[in-house]
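*Asks:* Residues per chain are reported as follows:
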Amino acid sequence: MENTIVRAENYNAYFGDNHVVKDVNISINKNEVIAVMGPSGCGKTTFLRGINRMHELIPNATAKGKILLEGENVYDMNAIYVRAKIGMVFQRPNPFPNLSIYDNVVAGYLLNGIKVSKADKDVIVERSLTSAALWKEVKDSLHKKGTFLSGGQQQRLCIARAIAMQPELILFDEPTSALDPISTSSVEALFHELKENYTLIIVTHNMQQAARVSDRTAFFYMGELVEFDDTKQMFTAPADQRTQNYITGRFS
Amino acid sequence: MITSPVFTWAGNCFVNKPPNFVENKRLELSNGQLKWETMFKLLLKVMSVLLVLIIVGVLITLIIESWPSITSQGIKYIWGKVWDPVQNIYGAYPFLVGTLLTSFTALIISIPFSYAIAIYLGEYNPKGWLSDLLKNTIELIAAVPSIIYGFWGLFVLVPLVRTLEMKLDILPYGVGVFTASIVLAVMIIPYGASLGITLIRMVPSPLKEGAYALGATRWEVIRNVIMPYTRSGLFAGVLLSLGRALGETMAVTMLIGNTTAVADTFKNVFFGPGNTMASVIANEFAEADHTLYLSALIELGLVLFVVTVIINMIGKRIITRVTKS
Numbered sequence: 001m002e003n004t005i006v007r008a009e010n011y012n013a014y015f016g017d018n019h020v021v022k023d024v025n026i027s028i029n030k031n032e033v034i035a036v037m038g039p040s041g042c043g044k045t046t047f048l049r050g051i052n053r054m055h056e057l058i059p060n061a062t063a064k065g066k067i068l069l070e071g072e073n074v075y076d077m078n079a080i081y082v083r084a085k086i087g088m089v090f091q092r093p094n095p096f097p098n099l100s101i102y103d104n105v106v107a108g109y110l111l112n113g114i115k116v117s118k119a120d121k122d123v124i125v126e127r128s129l130t131s132a133a134l135w136k137e138v139k140d141s142l143h144k145k146g147t148f149l150s151g152g153q154q155q156r157l158c159i160a161r162a163i164a165m166q167p168e169l170i171l172f173d174e175p176t177s178a179l180d181p182i183s184t185s186s187v188e189a190l191f192h193e194l195k196e197n198y199t200l201i202i203v204t205h206n207m208q209q210a211a212r213v214s215d216r217t218a219f220f221y222m223g224e225l226v227e228f229d230d231t232k233q234m235f236t237a238p239a240d241q242r243t244q245n246y247i248t249g250r251f252s
Numbered sequence: 253m254i255t256s257p258v259f260t261w262a263g264n265c266f267v268n269k270p271p272n273f274v275e276n277k278r279l280e281l282s283n284g285q286l287k288w289e290t291m292f293k294l295l296l297k298v299m300s301v302l303l304v305l306i307i308v309g310v311l312i313t314l315i316i317e318s319w320p321s322i323t324s325q326g327i328k329y330i331w332g333k334v335w336d337p338v339q340n341i342y343g344a345y346p347f348l349v350g351t352l353l354t355s356f357t358a359l360i361i362s363i364p365f366s367y368a369i370a371i372y373l374g375e376y377n378p379k380g381w382l383s384d385l386l387k388n389t390i391e392l393i394a395a396v397p398s399i400i401y402g403f404w405g406l407f408v409l410v411p412l413v414r415t416l417e418m419k420l421d422i423l424p425y426g427v428g429v430f431t432a433s434i435v436l437a438v439m440i441i442p443y444g445a446s447l448g449i450t451l452i453r454m455v456p457s458p459l460k461e462g463a464y465a466l467g468a469t470r471w472e473v474i475r476n477v478i479m480p481y482t483r484s485g486l487f488a489g490v491l492l493s494l495g496r497a498l499g500e501t502m503a504v505t506m507l508i509g510n511t512t513a514v515a516d517t518f519k520n521v522f523f524g525p526g527n528t529m530a531s532v533i534a535n536e537f538a539e540a541d542h543t544l545y546l547s548a549l550i551e552l553g554l555v556l557f558v559v560t561v562i563i564n565m566i567g568k569r570i571i572t573r574v575t576k577s
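Protein chains in written order, with the working numbering: chain D, 1 to 252; chain A, 253 to 577.
Because the hints were derived from the structure by calculation, they are not lab data.
Predicted, not measured: the structure shown is a model, and the values here were computed from it.
Every residue gets a Cβ at the ideal spot worked out from N, C-alpha and C, and that includes glycine.
Treat the hints with caution; some may be incorrect.
Now the in silico label distances, taken between C-beta atoms and shown as ranges [unchecked claim]: (1) A:471 / D:62: 17 to 25 Å; (2) A:300 / D:97: 28 to 36 Å; (3) A:294 / D:177: 44 to 52 Å; (4) D:62 / A:499: 48 to 56 Å; (5) D:185 / A:572: 38 to 46 Å; (6) A:469 / D:71: 25 to 33 Å; (7) D:148 / A:572: 12 to 20 Å; (8) D:97 / A:471: 17 to 25 Å; (9) D:185 / A:388: 50 to 58 Å.
Model the full assembly from the supplied sequences, consistent with the hints where possible.
*Replies:* Below is the structure:
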């Protein structure tokens, strides 16, 4: 129990009358890489966005049940606080086009109006970019616009931006689906390093990726959490027939 | 006629046999077809160039017609303060000031409204019947003929301004630069607002979500993501409305008071009656009874033309600079 960072209890999410996440119960441990996979429209992204309360930004979207972040229900906290505390990386790299690389990393502080001294900012920028394996590539062009970087670099910049806020948990919503194979492998390599200090939840519809990067895998189907187990176990001997069908490619 | 492709089953797949072009009339027609393609391209080109030629023609006409005035008044026409058709002394300064003052005042009044409308209908309430109703009504404002605004200003705004002027201890004309600016502001709000709504709705949602995911509030997203992203476009909208304000004639003529005298204090210039270049032309064109008078009025049109072009060019320059960086 003490090792649990996120726990969903009977979590349900809706778009209007459309029930997209159904009674999910899951317990995620600290410093683990969790892959969430499933066919399109199975509710995996919606579940992810429920954790940091991004789900409710969409008009008509509602949620029921609890999501406990270190024992505290995020739905009892201020949504702004929850989102600042949990990092998130999106499908398409989305650095702020009007900000430099440097300012993009500290964007969380700028947006939240947190005053940070120049010296502290320098430290945050260097550490975050180093953790995101981007420091070496951009250290001489920190004041160029972030949009000049390649897709993979932009995505790592977005990871640095999330890390800068010192979260314990980072959510990834199909983080490599818009990247080329080389950028993808650079981001995947990063997951292994990030695991030391953070808990990662990665939504992906790429099964190979789930198998490569994760410790444990959750399989969603039609809004339900079908199976949640050790990645190796799941890919070699899944307990549920639906998981079996999915990983053998009988539906996608 | 093109023969349709033939599909034949080749055991495990369909083989697509291409249509026989040798039997086809397209091959013979290709020359004529080519000629038509060239002609069509030429037609498009001619029509595009024609419009530019017309504008150049307008400019040339203005210069030719205002030549008597240009030669007799010289460059001091621009800053001359006296407009006296009887003595044949013409100075455009009061009208130049009147035009710029009404337009920029109107612009300053309109900007908060345009931005507020753009943010509300672009970000807070982009869908639904209320949003549609508001947006359509605001766009309708631009379609109302300006003479109707003139009437409204005369019957409603003038008495109100007169009351205000009495309280401020200014000669209560009612009509004047200030009144004209208010009506002008109402008329140009739809331009900035409408473009602003479109631009704000176009801000990519991943960008906004990126900011939300970092813990930004809605206001912070508007200030730090939406505003920087749409800045140059919103500025373009402002310029578009300025272009409209500079040339607006009817409503301004009805409300500005039409005096050629230059007031002594800024207070009187701002609240008292004045004149714009467009309103002088509209008022005096019919009574211009000798060549030089008429020519001086046309030169006023030339100055208005040049001022509008310069302001547009500055705007374009700023927009390209902002979008590049």
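*Asks:* Do the beta carbons of residue 300 (chain A) and residue 97 (chain D) sit within 28 to 36 Å of each other?
*Replies:* 33 Å, holds
*Asks:* Holds or violated: 12 to 20 Å for the Cβ distance of residue 148 (chain D) and residue 572 (chain A)?
*Replies:* The hinted range 12 to 20 Å holds for residue 148 (chain D) and residue 572 (chain A), with Cβ atoms some 19 Å apart.
*Asks:* Take a look at whether the Cβ-Cβ distance between residue 62 (chain D) and residue 499 (chain A) falls inside 48 to 56 Å.
*Replies:* 52 Å, holds
*Asks:* Assuming the hint says 25 to 33 Å, is it satisfied by the Cβ distance from residue 469 (chain A) to residue 71 (chain D) or not?
*Replies:* 26 Å, holds
*Asks:* Honestly, do residue 294 (chain A) and residue 177 (chain D) meet the 44 to 52 Å range at C-beta?
*Replies:* 47 Å, holds
*Asks:* How does the Cβ-Cβ distance of residue 471 (chain A) and residue 62 (chain D) compare with 17 to 25 Å: does it lie in that range?
*Replies:* 24 Å, holds
*Asks:* Measuring from beta carbon to beta carbon, are residue 185 (chain D) and residue 572 (chain A) in 38 to 46 Å?
*Replies:* Cβ of residue 185 (chain D) to Cβ of residue 572 (chain A): about 39 Å, so the range 38 to 46 Å holds.
*Asks:* Against the range 50 to 58 Å, how does the distance between the Cβ atoms of residue 185 (chain D) and residue 388 (chain A) compare: consistent or not?
*Replies:* 51 Å, holds
*Asks:* Could you tell me whether the CB distance from residue 97 (chain D) to residue 471 (chain A) stays inside 17 to 25 Å?
*Replies:* At 20 Å between Cβs, range holds.
Against the hints set out earlier in the document, no violation occurs for any number.
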